[in-house]
Amino acid sequence: MLSLLEIADRSQSGPRTVEKEWDLNLFKQINGYVQKYPVKYDGHEFFNTDEKLLDYVMESAVDFIVKNGVYCITTGRRILFEEREVWSAIRETPKAVLMGEGKDARVFKQRKIEENEPLGLCPGHHSPFSSDIIPQAIKNFAMIPRTDFLEGPNFVECGGRDISSQPLEAYASMRQSRWLKEGAREAGRPGLSVLYYPIHTRGSTMIAGMADLGTGDGVLLSVLPDVKVEHDLLTSAVFSEERGNYRVSGSFAIAGGFCGGPEGAIFESVLKTLAGILCYHDQIHYVGVEHQKSLNALEIMTQPLNWARSVVFQTLNTKTNAICMIWAIPSSGPCTEQNLWEHAVRAIEGVINGGNLYAPRHVRTDINLGQTPLEAEWLVEVSDAVIRSGFNRREKAGKLLERIIEEKLAALKPVRGKTILECYDMTRHEPKEEYRKLYDRVRLQLSEMGLEL
Amino acid sequence: MANRDETFKELCDAIRSFDEGGVKKAAEAVVEKKADLMKAIKEMSDTLGGIGEQFSRGELFLPHLVMAGDAMDVATKVFEEHLSQEEMSRSKLGTVVIGTVEGDLHDIGLNIVAMRLRTSGFEVHNVGKDASVSRFVEKAQQVGADIIGASALLTVTRSKHKDLVDEVRGRKLPFKVMVGGGPVTREYAQQIGADGYGEDAEEAVAEAKRLMEEKGRGK
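Protein chains in written order, with this note's numbering: chain A, 1 to 453; chain B, 454 to 672.
A hint or two may mislead.
[Unchecked claim] Straight-line Cα separation of at most 30 Å, DSSO-like style, residue types lysine-lysine; simulated pairs: (1) Lys20/A / Lys495/B; (2) Lys625/B / Lys20/A; (3) Lys487/B / Lys20/A; (4) Lys28/A / Lys530/B; (5) Lys545/B / Lys293/A; (6) Lys293/A / Lys495/B; (7) Lys28/A / Lys478/B; (8) Lys20/A / Lys462/B; (9) Lys625/B / Lys28/A; (10) Lys293/A / Lys615/B; (11) Lys20/A / Lys530/B; (12) Lys662/B / Lys293/A; (13) Lys28/A / Lys462/B; (14) Lys615/B / Lys20/A; (15) Lys662/B / Lys413/A; (16) Lys625/B / Lys668/B.
These are computed hints drawn from the structure, not numbers from a lab. Only a predicted model underlies this, so the values are computations on that prediction, with no experimental measurement involved.
Go ahead and model the full structure; you've got the sequences and the hints to work with.
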C-alpha cells in the first residue's frame, strides 16, 4: 500500500482541477457506470441477488479511481493512482482490527453476508451532549456488555466557555479523549477501546484529541462527500498511524447529491471506501446509502435505499477487506415508536448485509442529548434475534422488512423524541418507565411478526 | 419561421437538456427577433423553477440543478448587453451570497440550498466551504447582495454564525443574514439575532423570499 507521505506528495503534484469540474465529472462518470450495466432497482428486492452486479460495481470503482484519482480540496489537485496500486491497497487493508487493551481487548472484524456470528457494536456517540452530562453518559454507553469500542460526543462549550477558537477546540478535544477513558474506567472497563470524534477537523485540534489515546484506540477520519480528501485529516492520519491508532471513515453516500440517485450513490459509497483506504489508510468504514431528504422523511428506511445499501455492503464484503458498519441514523429521536422501528430495520439489514452496528443517533445534529444506551441495546437484541430465529436469509428478512415498513413505518411521521435526561435513568442504567413501556410494546409487536426476541 | 413562443420553447428546451451551446444559439435568436427579453427571462426562470421542483420530488439531482443554472447563465449573458441595469435587477428575486462557515468542510447541504435558491429566481454567489466572516461580507459588498446565507454542519462551527451576524449588525451593513445546517435551530437563529432560518432547502427558499419582501417594505 502506498505510504501516507506518498499520498501527501501526490496531492501536491497531481493535475489541478477546479472543484466544480470534479463534481460534474463525478456525476457524468457515475451516471455512465449506472447506464452501461444498467444498474436499476427492480421495484421489489430489499436485498440484491445479482452477483454479477458486485463485480461490476467493484471494477467500475477501480476504473474511476485509476482514470480520475481522488480530489484533494486543500491543493485543488487530483491524487492519481495506478491500477496495481489500487488493487494492492484493497488486498493489504486488514480484515480485522485488534482494539482495546488487556481483558477489554476485542477483535473487530469484517462480517460476511448472512453470517451467523454476533455483530460488533459501537453504541455511541457521534452526536451532541452537554459537557456536564458527558462523563455519566459515556459511562452508561461503556456499560453495555457488547460494546466493542466507544466514540466520543461533540459539544459546544467546555469548562464554562464556548468552543469558538483554536485553543478552546484543542482543550475540548483533549477533554473528550480523557472523558472517554475515564468513562470506560468508571464502567469497570479500563481497557475498552475509544474512538476520538473530531469536534473540529483542524489538524492541531485533531492531534490534541489524539494525545491521550492508547495504541488500542482509534480516530474518525472520514472521506468528504463526492470522493474528496484534505490535508488536515491527512496530517491526522500520519500522526495516528505513527502512534498505532486504528482509523474509521464515514464512507456512506447521499443520494440526490452529485452522485445522482440511489443507484449512483452505490458507486460513491464504494469509491469513498476505496479513497479512505488509499488516502487515510482507514480500516473500518460506516457505509451505505442515505438520502438528502433524510431530515424529514421516514422513506429513507425504505426501498430502493435498502436495496442500494445491500449492494454497497455486498460489494465491499466480497471484493475487499474493508470492515463495514451500518449507521443507524433515524429521523426520530429516543422514546418514540418510530425510532425503535427504524433501528429494527437497520439491525435486520446489518445481519443480512454483513455490517457491524454503529452509533445509533438522531439524524438531526441540533438535538442535544438525543441518544440513549437503549437504542444500541435494541440494535443488538434485534440482530441477535434475526440470527437466532433463522431470519438471516435475504428472502425471509425481506418479508419481515416489508411488514415493518408497511404496517409500522408507513403510518408514522418523524418526531424529535426525548433527551437522555427525560427518558433514561443514568444512575440505574435503564430506561425510565415511559420509554420502558414503549420499548416493551414495540418488542412485543416485532415478536408477533415472527422474530423471537 | 418560428414564432416567439416557439423561440422561447427552444430556449427552455435547451435549458432542460442542459445544452449550453443550444441555449446560446436560442438566446441569440431571441435577441435577433427582437423578442421581449424580460419575457424570455421569465420563461427561463419558470423552466428553472420546474427543474427545482423535479429535484424536490427526487426526479432530478444536484448536478442537474447546477447544469441548468449554468445553461441559464449563458442566456442571461447574451441578454445582458441588451437590457438596462434596472431591467436586469427586476429579472431576479434578489441576490444571495452563500457559503459554509469557517472551519466547516461539509458543503452538500450548502450546494443544494444554493441551487434551489438559484432555480427559484435568486442570483446566487456561492463562496464555498470554510468561508471566513470577511469573505462573506466582502463578497456581499462586491455584488450588492440582499442576503447572506451561512451554513454549518459541525456543532462547534455554528458559533461562527454569531460572528457573522455581529459583524453585519456592528457595521450596520445592509444585508439580511440567514443561517442553517444540521446543528442550527430556529431558536438558535433567533438567539444570535439572525434574520432568517431554513431547516431544509425548501424552507430556505421560502425564508429568502420572505426576507426580500421585508426588504421591499424597508424593514
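Here's how the hints hold up against the structure:
With a C-alpha separation of about 27 Å, the suggested pair Lys20/A and Lys495/B falls inside the 30 Å cut-off, and the hint holds. Between Lys625/B and Lys20/A the alpha-carbon distance is near 34 Å, which puts this suggested pair outside the 30 Å criterion. At roughly 35 Å between alpha-carbon atoms, Lys487/B and Lys20/A are farther apart than 30 Å, so this suggested pair is violated. Using a Cα cut-off of 30 Å, the hinted pair Lys28/A and Lys530/B holds, with the two alpha carbons roughly 26 Å apart.
Proposed proximity of Lys545/B and Lys293/A is supported: the alpha carbons are some 27 Å apart, at most 30 Å. A hinted pair counts as satisfied when its Cα atoms are at most 30 Å apart, and Lys293/A with Lys495/B qualifies at roughly 29 Å. About 24 Å separates the Cα atoms of Lys28/A and Lys478/B, which keeps this hinted pair within 30 Å; it holds. Between the alpha carbons of Lys20/A and Lys462/B the distance comes to roughly 28 Å, so the proposed pair stays at or under 30 Å and holds.
The suggested pairing of Lys625/B with Lys28/A is violated, with an alpha-carbon distance near 45 Å, which exceeds 30 Å. This hinted pair checks out: Lys293/A and Lys615/B have alpha carbons roughly 27 Å apart, not beyond 30 Å. Proximity of Lys20/A to Lys530/B is assessed by CA-CA distance (about 20 Å); at most 30 Å being required, the pair is judged to hold. Of the pairs offered as hints, the one joining Lys662/B and Lys293/A holds, with about 22 Å between alpha carbons and a cut-off of 30 Å not exceeded.
About 26 Å separates the Cα atoms of Lys28/A and Lys462/B, which keeps this hinted pair within 30 Å; it holds. Between the alpha carbons of Lys615/B and Lys20/A the distance comes to roughly 29 Å, so the proposed pair stays at or under 30 Å and holds. Note on Lys662/B and Lys413/A: the hinted pairing holds, with a Cα-Cα distance of about 27 Å set against a maximum of 30 Å. Under the criterion of a C-alpha separation no larger than 30 Å, the hint pairing Lys625/B with Lys668/B is consistent with the structure, at around 15 Å.
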